[in-house]
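Residue numbers (numbering that gives the first Met the number 0), protein chains in the order written: chain Y, 0 to 266; chain H, 0 to 266.
Keep in mind that the hints were calculated from the coordinates and are not lab data. It is possible that some hints are incorrect.
Each pair may be met inside one copy or between any two copies, as identical chains are not told apart.
Lysine to any residue pairs mimicking SDA-like chemistry, simulated, CA-CA at most 20 Å apart [claimed, not checked]:
no.: 1; residue 1: K102; residue 2: D23
no.: 2; residue 1: K102; residue 2: S236
no.: 3; residue 1: K258; residue 2: L216
no.: 4; residue 1: K106; residue 2: S34
no.: 5; residue 1: K106; residue 2: R28
no.: 6; residue 1: K40; residue 2: P70
no.: 7; residue 1: K106; residue 2: S33
no.: 8; residue 1: K102; residue 2: R6
no.: 9; residue 1: K218; residue 2: S193
no.: 10; residue 1: K14; residue 2: R260
Number of protein chains: 2
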Amino acid sequence: MKSFNVRLSEIIKVKKSHLCVGLDINPERLNATSSSLDDLKAHTFRVIDATRDLVAAYKPNLAFFERWGSPGYQWLEETMDYFDNDVVIIGDAKRGDIGNTAKQYAKSIFDHFGFDAVTLSPYMGQDSITPFTEAPEKGAFILCRTSNPSAIDLQSLPTGKGLLFDKIAQLAVQWNQNDNVGLVVGATSPEEISRVRGNAPGLPFLIPGIGAQGGDLTKSMIDGNIDGIALINVSRSISFAGDLSKSAIRNAAQDYVNKMRDLMYES
Amino acid sequence: MKSFNVRLSEIIKVKKSHLCVGLDINPERLNATSSSLDDLKAHTFRVIDATRDLVAAYKPNLAFFERWGSPGYQWLEETMDYFDNDVVIIGDAKRGDIGNTAKQYAKSIFDHFGFDAVTLSPYMGQDSITPFTEAPEKGAFILCRTSNPSAIDLQSLPTGKGLLFDKIAQLAVQWNQNDNVGLVVGATSPEEISRVRGNAPGLPFLIPGIGAQGGDLTKSMIDGNIDGIALINVSRSISFAGDLSKSAIRNAAQDYVNKMRDLMYES
Numbered sequence: 000m001k002s003f004n005v006r007l008s009e010i011i012k013v014k015k016s017h018l019c020v021g022l023d024i025n026p027e028r029l030n031a032t033s034s035s036l037d038d039l040k041a042h043t044f045r046v047i048d049a050t051r052d053l054v055a056a057y058k059p060n061l062a063f064f065e066r067w068g069s070p071g072y073q074w075l076e077e078t079m080d081y082f083d084n085d086v087v088i089i090g091d092a093k094r095g096d097i098g099n100t101a102k103q104y105a106k107s108i109f110d111h112f113g114f115d116a117v118t119l120s121p122y123m124g125q126d127s128i129t130p131f132t133e134a135p136e137k138g139a140f141i142l143c144r145t146s147n148p149s150a151i152d153l154q155s156l157p158t159g160k161g162l163l164f165d166k167i168a169q170l171a172v173q174w175n176q177n178d179n180v181g182l183v184v185g186a187t188s189p190e191e192i193s194r195v196r197g198n199a200p201g202l203p204f205l206i207p208g209i210g211a212q213g214g215d216l217t218k219s220m221i222d223g224n225i226d227g228i229a230l231i232n233v234s235r236s237i238s239f240a241g242d243l244s245k246s247a248i249r250n251a252a253q254d255y256v257n258k259m260r261d262l263m264y265e266s
Numbered sequence: 000m001k002s003f004n005v006r007l008s009e010i011i012k013v014k015k016s017h018l019c020v021g022l023d024i025n026p027e028r029l030n031a032t033s034s035s036l037d038d039l040k041a042h043t044f045r046v047i048d049a050t051r052d053l054v055a056a057y058k059p060n061l062a063f064f065e066r067w068g069s070p071g072y073q074w075l076e077e078t079m080d081y082f083d084n085d086v087v088i089i090g091d092a093k094r095g096d097i098g099n100t101a102k103q104y105a106k107s108i109f110d111h112f113g114f115d116a117v118t119l120s121p122y123m124g125q126d127s128i129t130p131f132t133e134a135p136e137k138g139a140f141i142l143c144r145t146s147n148p149s150a151i152d153l154q155s156l157p158t159g160k161g162l163l164f165d166k167i168a169q170l171a172v173q174w175n176q177n178d179n180v181g182l183v184v185g186a187t188s189p190e191e192i193s194r195v196r197g198n199a200p201g202l203p204f205l206i207p208g209i210g211a212q213g214g215d216l217t218k219s220m221i222d223g224n225i226d227g228i229a230l231i232n233v234s235r236s237i238s239f240a241g242d243l244s245k246s247a248i249r250n251a252a253q254d255y256v257n258k259m260r261d262l263m264y265e266s
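I would like the entire structure built from these sequences, with the hints used as guidance.
Okay, structure coming up:
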């Protein structure tokens, strides 16, 4: 069976798309005075239908489903059934716990829900990561330099040799024994993408922060795709584009894909 | 309304118990060749019934419920309804995400499930914590020095002044604007409990690692309760005690409580 990193790279090449659409669907964004879970579900399917052929990956954010408890997780289960097989589905969960607990989360995310990959927090170290990287066909994107304003509170602390996020990039390379580890590097600090790449050549990057968070698409695409590949995540600016119609969503996604193709495949 | 830290402290005094029982219920531990979700649910209720009067807190671990998807979260919802009001219920979730997502997790954990407190990972900094600390009556225990062997990978890195977990303890004090922030400090590195206390006087500690993980109960109780209070979490050695009967579970819990009372209230 192919390793996660090989499969991801092949899908990006075949679909000529570096786009990952994040699924963060909440009623506050649906412009409705009151949205039912059925409305949220219908909108999720609308986003998927509008973008199937354009994307390399989808990234459902577990928080937006968990907010509703068991009916929310049922919505996530139905969403997982709605995806095609020619994309990678990343569970944006940012889990990180002792080995015994991490095993349960791996069962949840890979076995129960059937995600291809997961996002993980590195704060508890290697034994919190290993249960997710044992199967080569399943991937783990480890938080390195995140896209939020407070990322610097910890991640940019000096740790002797370099900053904390430099250290994480180096550890991720060590932890990548099964060719299935990647890194989360935010587009909102574009100057640091090359820096992370220097510490982790070859590892795939998941780059959030484009769109609502104001990240730099050009620099993310160019710097992220040197010595490895970069998956560019866009959530709100696609899933809540324009009048929220299927065509508005598709146009927004197509526009991002065109920009990325121009940057990668310009003649 | 009372702040979380005041309420926790009062419950510990009234019940004369520093015991938190962790609910990490999995079929592999139930000694059954095949356990249904109903068996897991029945065992969860058995643990709660056996220990109601003995504990200050319960700590359901979300991973063990999420493993089963939506039916697992239904089991968690039923479990939340089964608790009494004179205890604190901590959602062991170790969440940590950008502000927009953290808000959804806060809605899940506090509004939907009704937990009194949550465990959080600090890797993404202050804006990943704030959505959980806005309501003074809801608490947040931030991972500081965890109980797992790989904790040292990041947490013990030098960061200029002190180690990374020293810095977290100092940040937690800054973030404690509503008297509802605490720290997770593992009993498996007992010499570090005093060190964390030095950086965070007054903050409540949630101390896991007693029992199956081999932590030091005496040192955790004594050092943890100087200049603040410590809640001692025990999971597997209580919930899977002896022959798994109600009386075996109660005896194990009573034994821990007796040891703690001897240490705190010896005449």
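Which hint numbers doesn't this structure obey? 8
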